[in-house]
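> Protein chains in written order, with the numbering used here: chain A, -12 to 194; chain B, -12 to 194; chain C, -12 to 194.
Simulated from the structure, these hints should not be mistaken for lab results.
Be aware that a few hints might be false.
All copies of an identical chain are treated as equivalent in the list; a pair is satisfied when it fits inside any one copy or across any two copies.
Quick list of in silico lysine to aspartate or glutamate cross-link-like pairs, EDC-like style, CA-CA up to 20 angstroms [to be verified]: (1) Lys185 x Asp167; (2) Lys185 x Glu141; (3) Lys184 x Asp167; (4) Lys87 x Glu118; (5) Lys126 x Asp114.
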Amino acid sequence: MEDETTNTSGWAFVAVCVCGLILHRPRVARVRPVTNQTASVFSASPCRSCPVPSAPSAPSARLGTATITNMRVFTDYLWFNTAKRQEFVRITDEIAAIVKKSGVAEGIVLVSAMHITSGVYVNDWEDGLIEDFQVWLEKLAPAGLPYRHHQTGEDNADAHLKRTIMGHQVIVPITNGALDLGPWEQVFYAEFDGRRKKRVVVKVMGM
Amino acid sequence: MEDETTNTSGWAFVAVCVCGLILHRPRVARVRPVTNQTASVFSASPCRSCPVPSAPSAPSARLGTATITNMRVFTDYLWFNTAKRQEFVRITDEIAAIVKKSGVAEGIVLVSAMHITSGVYVNDWEDGLIEDFQVWLEKLAPAGLPYRHHQTGEDNADAHLKRTIMGHQVIVPITNGALDLGPWEQVFYAEFDGRRKKRVVVKVMGM
Amino acid sequence: MEDETTNTSGWAFVAVCVCGLILHRPRVARVRPVTNQTASVFSASPCRSCPVPSAPSAPSARLGTATITNMRVFTDYLWFNTAKRQEFVRITDEIAAIVKKSGVAEGIVLVSAMHITSGVYVNDWEDGLIEDFQVWLEKLAPAGLPYRHHQTGEDNADAHLKRTIMGHQVIVPITNGALDLGPWEQVFYAEFDGRRKKRVVVKVMGM
Chain A
-12 MEDETTNTSG WAFVAVCVCG LILHRPRVAR VRPVTNQTAS VFSASPCRSC PVPSAPSAPS
48 ARLGTATITN MRVFTDYLWF NTAKRQEFVR ITDEIAAIVK KSGVAEGIVL VSAMHITSGV
108 YVNDWEDGLI EDFQVWLEKL APAGLPYRHH QTGEDNADAH LKRTIMGHQV IVPITNGALD
168 LGPWEQVFYA EFDGRRKKRV VVKVMGM
Chain B
-12 MEDETTNTSG WAFVAVCVCG LILHRPRVAR VRPVTNQTAS VFSASPCRSC PVPSAPSAPS
48 ARLGTATITN MRVFTDYLWF NTAKRQEFVR ITDEIAAIVK KSGVAEGIVL VSAMHITSGV
108 YVNDWEDGLI EDFQVWLEKL APAGLPYRHH QTGEDNADAH LKRTIMGHQV IVPITNGALD
168 LGPWEQVFYA EFDGRRKKRV VVKVMGM
Chain C
-12 MEDETTNTSG WAFVAVCVCG LILHRPRVAR VRPVTNQTAS VFSASPCRSC PVPSAPSAPS
48 ARLGTATITN MRVFTDYLWF NTAKRQEFVR ITDEIAAIVK KSGVAEGIVL VSAMHITSGV
108 YVNDWEDGLI EDFQVWLEKL APAGLPYRHH QTGEDNADAH LKRTIMGHQV IVPITNGALD
168 LGPWEQVFYA EFDGRRKKRV VVKVMGM
C-alpha cells in the first residue's frame, strides 16, 4: 500500500510535468526572407484530459484557450536604377506585396528613400500631374545654380532640395491585411539624380 | 483502499486539469468600434490553494503574478466636408479622443489624409499664421496656371502641390496615455479642394 | 492509510501549486531612464522534475521552452539652445545612442521637433549643402515680410514656414539593433528661431 500511494504521488508528479511540457511546447516562428523578426509565438496542446480547443494558425498562438498575437517587424528593400536622371516610379504594388509577405494584418509600413537625392511621396497616378510636379520643382529648386555644394565636385544640390519638397518617406497604414489608402492615393519613388543604383527601405510593423 | 488510491490519483489529475484550465482561461479582448485589433490578453485566476494576487485590469493580463502587456493597433477615421474650397481645421482634440479610445498608453498615432488634395500638419493655432500659410502657399503653388493635370478635366493641380508643401501626414507620439506634443503644437487638417466629403485615417499603435 | 492517501493527494496539490508558482514567477522589466514602457516579460524556471532549459536573457522570456519577445516603447528627449537664431545640428549619433539604450533591435524611431519653429530632417552632412539649404529657405520663406502672425507681437512667421519646408519629423527604421540609414543619410535638427531652450522627442518602438 505504501508503494501504491508513493506510486500515486509519483503519478501526480508525472501528470504535472507532462501537462507542463505539453503546455509549454515551443513553436518555431516562421522564418522569412531578408530580415524578419517575429516575436516567437508558442503553441500549447491541451493536457489530454482537459477540454481545450484545437491548435491555432499563425500568427496567433494558443495557451490553453487564450490567444496571444505577438508583434511582427519585417524589413525589405527596393532597388532602383532609373534610365533618366529624374524619374517618378509608382511603387504601390511593390509595397503591397511586401506587406502581404510580412504577414502583418494591422499596423504600418514605412517606405523611406535611403539616398538623399531621391524621395518617396503619395499622390495621384496621372501623367499630367507628374509632369506638373517636375516643372514646379524645377521652378522652386532649379538645377544649374552656383550651389556651394558643387564646390565639393557634386552637381546635384538641386536634387537634395527637390527631395526635401517632395518628402523622403511615407507611412502607409495597414488595415485588415491591406494598405489602407484613399481612392486615389498611390505611393511613388521620386528620383532626382538617377542613372545609378539606389535603394528604398520598407519596414513593416504590426501584428 | 485501491479504489481510494485510484480516486486519489484521479483527484491529482483533476487538480492538474482544473489548475490548467483556470490558469489558461481566455479573456475576450475589448471589442472596439471601427477596426480594433488588440492582441487578445488573457487572465489567469490562481489555483485555489496558491497565493497568487487578484485579477488584472486591461490592457495587462496576469499569468500567475506575471504581467503581459500586448501590442494594440486601433484604427479610426475622421470625415470632413468643408464649406470653403480651402480651409484649415484643428483636429488635436479629435486625435486625442481616438487615442484615449484606443487604450494605448505608450506608442504612436499616425494621422494621414486619404485624399491627395488635402494635408495634415502640425503648427501654431493662431489665425494670423494660418492666413500667412495660405497666402504663402498661393505664392509657391498658385491656382489658375495652365497645369497639364487640368487636361484631364480637373482644375485642382495647385491643391496637389499645396498639400505636398504642407505634408499629408504626421505621427504624434503617445506618452503616459496622452499626445506627447510641445507647448504650441497643434494638429491641423488642411483642405485645398473641399466642399466634398473627405477622410483622414487615424492609426494608433502601441501598448 | 487514509491519512497517507490524503497526504498523497495533498502532495499532488502542492506539486501542482509549486509548479504553477514557479512557472509563473514574475520578472521585473528593466527600469529605464526618462519614460520606458516595456511590456513586462516573464521568466519561468522549470518544475524541478521537468526537463526545461535554463533562464532567458532580456528582452525575451521563456515560458517552458517557448520564447516570448514583447513590444518595447522607449521615450527620450533632446534639448537644444542654439547660439544663433538659425542653426542646423547633426543628431544622428544622439538618436543611435537612444536606440541602443532602448534595447530595440527591430522597429522604428520617431524623431520629432516639439517646437513649431524648428524641424528635423534627413540629408547630407556637408557644410556647403547646409548653407545652400539656408539660402534657399530664405528665398522660399523670407524673414522680414509683414506677416499677419507678427500682429500678435511675434517676429518669427518665416521660421514656421521654413520648418514646414524642411519637415518637423522623421522616422528612422531600426534593423539588427542599428539605425537602418543609407550611406549618406544623416539626421539633423534645424533651428529657425533659436537662442532659447527647445526640445525634440525621440520615441523608439519595436522589439
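> Which constraints among the numbered hints does this structure fail? Numbers only, ascending.
Going through the list in order, the structure violates hint 4 alone and respects the others.
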